[in-house]
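S.K.: Sequences and hints are given; from them, build the entire structure.
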Amino acid sequence: MSDVIADWKKYVCRACGVIYDEELGDPDSGIAAGTRFEAIPDDWECPLCGVTKADFVLYEPAVAVAAACAPAQGAPSRTPGVIVVGGGTAGWAAVEAVRALDPDIPITLVSACSADRYRKPELSVSLSEKRTPERLVFETGPAAATRLGVRLVAHTYAVGLSPALHQLRTTAGTFRYRQLILAQGARPVAPSGLPRELCWRVNDLSMWSSMQRRLTAGRARVAVIGAGLIGCELAEDLARAGHTVTVLDVSDRPLATLLPTPASRRLLAAWTRLGIHFLPGRSVSVEARRGIDACAAQRTSNASDACNASDARTASGSVADVSATRSEKVITTQHGERIAADLVLCAAGLATEGRLARMAGLEFARGIVVDSRTLQTSVPDIYALGDCISFAGEPCRFIEPIAAQAEAIAHAVTGCEHPGYRHQSPVIRVKTRSTPIVVRGLPSRELDWQIVEEDDGHLAMAQYRDGDIVSSLTVGSRRVELAT
Amino acid sequence: MEHALVAEESSADTWCDETVLERVAAIARGPLAAAAPRIDGEGVYPLDIMGELGAAGALGVHLDRYGARFGLSLAAMQEASRACGSTGFLMWAHDVCGLYMEQSGNPSLRGARLDAHARGQTFGGTALSNPMKAFSGIEPMTFRATPAPGGYLINGTLPWVSHIGVGQYCGAIAAVHRGDGSVSHEVMFMLSCDERVELRHCPVFSGMEGTSTWRVKLTDYFVGEADLIADPARPFVARIKAAFILLQVGMALGVAQGGIDSCLEVEPVLGHVNRFLHDRPDELTAELDEAVSATQRLARTAYDGSTDYLLEVLDLRTRGAELALRAAQASLLHQGARGYLMSAAPQRRIRESHFVAIVTPAIKHLRWEMARLSAEELPA
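Sequence lines, in order, name chains G and U.
Residue numbers for the first sequence follow the numbering used here, so the first one is 7 and each next one is one higher.
Residue numbers for the second sequence follow the numbering used here, so the first one is 1107 and each next one is one higher.
No lab work stands behind these hints: they were computed from the structure.
Just so it is clear, the structure is predicted and the values come from calculations on it, not from any experiment.
Glycine residues also receive a C-beta, built at the ideal position from the N, C-alpha and C atoms.
Some clues are possibly wrong.
To be verified - Below are the DSS-like pairs computed for lysine-lysine, each with C-alpha atoms no more than 27 Å apart in a straight line:
| hint | chain 1 | residue 1 | chain 2 | residue 2 |
| --- | --- | --- | --- | --- |
| 1 | U | 1323 | U | 1239 |
| 2 | G | 59 | G | 16 |
| 3 | G | 59 | G | 15 |
| 4 | U | 1323 | G | 16 |
| 5 | U | 1347 | U | 1239 |
| 6 | U | 1470 | U | 1347 |
| 7 | U | 1347 | U | 1323 |
| 8 | G | 126 | G | 437 |
| 9 | U | 1323 | G | 59 |
| 10 | U | 1239 | G | 16 |
| 11 | G | 16 | U | 1470 |
| 12 | U | 1239 | G | 59 |
| 13 | U | 1470 | U | 1239 |
| 14 | G | 437 | G | 136 |
Said to hold, decoys possible - Examples of chain G residues lying across from chain U (beta carbon under 7 Å, computed):
| hint | residue |
| --- | --- |
| 15 | 56 |
| 16 | 58 |
| 17 | 142 |
| 18 | 143 |
| 19 | 165 |
| 20 | 166 |
| 21 | 175 |
| 22 | 177 |
| 23 | 202 |
| 24 | 203 |
| 25 | 216 |
| 26 | 361 |
As the list claims (entries may be wrong) - Rough simulated footprint, nothing fancy, chain G against chain U, three-plus residues with beta-carbon under 8 Å:
| hint | segment |
| --- | --- |
| 27 | 1245 to 1252 |
| 28 | 1257 to 1268 |
| 29 | 1303 to 1316 |
| 30 | 1389 to 1399 |
| 31 | 1415 to 1422 |
M.R.: Listed below in structure tokens is the structure:
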């Protein structure tokens, strides 16, 4: 009762963590119980480490989270089983495939994120559908771990690998494995001039969610740097979500490495109808500029001038629908143009991080080198799949092949017969809804594209070698479809 | 404390790799092994042995002026730590202090002062535990500096600074406060433990009592040009951070190796029951060998400033601590009651291994830092 009235406070020593509790005092130093901290002489010293009173600060205990965060599934086992690194599509595919073949083998999944399960391709279309991160998750990491009997070690990074010891080191401790499956994915590259703290990248749900939260404030001027697959898909999704979008690329047209000019041109035409502004042949750098004043946060609905820095400040338009405290980014091109944006999205491609592979002595060529049939790396008992691998020096970062890769690995890991994985170029479906694009086969830069069929809303092209079809593509659909 | 210096000629010319290792091994297995129980139990500060190690080159070969032989320096520290973890820690503190002096580029620190330091004729350590944690966002900076004509005035109390004493010195960092109380930057300086500095006893620890660890209280302590290591401190610390952490690995691996030694020592008599233990010496040796080779590889590029390199060093330092813990634990389990005697190495090494695991950067700090460096940085 007296406690309530007295409202005793506690003070913590910043040096050693000792707590001075006013209620208890420090009788050993002659401070009676019930002595207010302010009433203690200034030359009083910490009873443990001896720093002075000035080094104590008010102690407000943080809510204990340790127990709540601890992985609940599966008692730690001394039997080294299978460890999967990566909680994305590839990691879970590997877990599902291994578990299907062996109900008992211990499986540990180490994931940098929460390992919640979602369908990655949906990230390209979800802004315009007003989807929230919660709605994109179809199964949480812990739920999947329980269902599959997996020990989930979430929010944990793999930092060291010693194949000779069958040892994986992580930020949650050291694990032994019988077999290791690397499904660590790839990371968006941040070219020099595009600082990570200023430019968004989208390669997983957490990155997407952060950007999505940032965009909920209202219409924003968005600059997308890079007109590859991800850049094109997200640019269109952003535009459909009501944002003012400018796309910049070093090439003269979008999807230049994948598509022939006539196909890109169709996409550009659709973009014009959507209000997406494309700036070809630009190499850029980005820097922050603090909002000059509240007016700097004014937004205009006029797409043609919205992304010009000088215009943005004078344009009349709807007021401050993005927080004025946010800093504005300024993009500078090689021609000295300056373009203002509220949000810069860098879609300059992906790269596999090679540190873990290299320190473990795994062969690496733009990705972890794997056997094309077994998916084993150059080191026994270590397999890899998904975005982190490469075949003949070529990464293949699509969802489609992952299930078959996981199957092959699961059979190898459990010692079951398997005819072997056969790598095929996946069908590429570009989720640009104004102009759906589908590419089949392996387009070659040496071969010309020939028009097979063409009308207002549809283009079909193909590449031939010695009369045989090598690749084909369609842009749009046969039915005439107007952009909506 | 009087410095019991060794009469032996300390000539850097004789510091070739083999000679350094031979002489360090002789010291470690001879006088240091004999002194280890007293260093631990009675808190004897082994400056005589540090002087011998300095004369042998063990405290100088990592410096640029002696060929930046970090691998040799680490091997020497490992050899000494195998006999006595406290001495290994003193070597680390001494090594990084020398590194601060040399890398400072300050002529007054690099000349005769560094000569004497590198040869183990004078002694000094490091007070960077708190600043390192402060730079990583773990805790606030303790020393406060205010600009004064020709330098700074430093105030504050830093608990637990090792390898110092009256007449010795250590590298330290203070946050520079502006008039309005805000922090403008940090300054790194050589702190001389002269009459201006109040050294107070620390509470008794369960181990490492021979490392001359004091609480340092500064009241308007003036730092001038001649004692500045880096101003601002942050870029300097970023440059030496990997080397600072890498050097500790010698201590970790030495303690681990000592533990393995103790396991093997009783193998002839207790092997028939010890085979029921996990973490057997052969397993531990395989891990130690791998860690040693990783250490020697990373030691070739101690000033590699990349994030990837730092991550590898942090990982190695973590491995070292984990291995020291396991090997020390195994040594006691392998030796049983004889290892539990107060005079026995295993019980002492258990406390040494715990120190390796909690001294800055502790295992938890290392993992925190590795997680921080691994995370994808996104706009705020």
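S.K.: I'd like to know which numbered hints this structure contradicts. Please list them from smallest to largest.
M.R.: 17, 18
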